[in-house]
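Chains as they are written, first to last, in the numbering used here: chain A, 1177 to 1339; chain B, 23 to 88.
Heads up, a few of these hints could be off.
To be verified - Ranges of calculated distance between the beta carbons of each label pair, as one might list FRET restraints: (1) A:1327 <-> B:77: 20 to 26 Å; (2) A:1241 <-> B:84: 21 to 27 Å; (3) B:79 <-> A:1241: 26 to 32 Å; (4) A:1220 <-> B:39: 27 to 33 Å; (5) B:35 <-> A:1333: 21 to 27 Å; (6) A:1313 <-> B:63: 46 to 52 Å; (7) B:79 <-> A:1220: 44 to 50 Å; (8) A:1255 <-> B:80: 47 to 53 Å; (9) A:1266 <-> B:44: 55 to 61 Å; (10) B:63 <-> A:1301: 46 to 52 Å.
No lab work stands behind these hints, which were simulated from the structure alone. Computed from a prediction, not measured in an experiment: that's the story for all the values here. Beta carbons are placed, not taken as given, at the ideal position from N, Cα and C, and that holds for glycine.
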Amino acid sequence: MKQNTFYILAGIVGLIEVGAFWLSVEYRMPLLITTVFIAGILLLYGTYQRITDRQVDERAVLINQKAWLATFMVFWVVFFATSLGSAGMGFGAPSFPHPPRPPDGGPGVLNESMRIPNDGLTHLGYFGYIQLTLLFLMFFLYVGFRIYYAHKYGEWETDEEQD
Amino acid sequence: MKNKIKVFRAMHDLTQEALANDLGVTRQTILAIEKGKYDPSLDLAFKIARYFGVSIDEIFTYDETI
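Based on the sequences and whatever the hints tell you, model everything.
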């Protein structure tokens, strides 16, 4: 098994874990996520042992470093953006458009009947699922960058010895 | 950076695989260096030069047009 295949599998397993976590929360079955998590770890451990292209040299290290750095930069931006959203939800910020001002033109202070319910915590939980999903999608991005840099540094160049 | 690894390999009747094994790198790395897709580290460049028993500038030349 190639390393890229392993990382794709890790991403898929991660997404399944997120789904299992959602199910275990929705149906109040903590045993489900516990079981699926352990099974996922065992599966990844078993497949990691089957990786065949583990020979590492300086070019492979360079490709890995570049791919990790590029993935990390994208991850930072995505995580920053989702953290902004989760902070907004966590503090119960009102969503646009704002409710209309009173007809007498007074200050736009919201009275109790117009106040937006503070359900930020509920949404924050769902937002956590999105963040977890994005986190595991980074595995696919990492594989994409690995392929890009491997191509850049001559991974699939053909020569007479391949014929 | 240009290099003459392919020439030296031919002179020593070596395959990429054999050279890679002796230098402790993958065949893809030797191939990438030969094709100019990857510039080796100084350490590897010296290893290659010593392997063929020549100085480093006999194998590698800096290409100013790149």
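Practice prompt. Against the structure, test the hints numbered earlier, and report the numbers of the ones violated in rising order.
Written response: 1, 6
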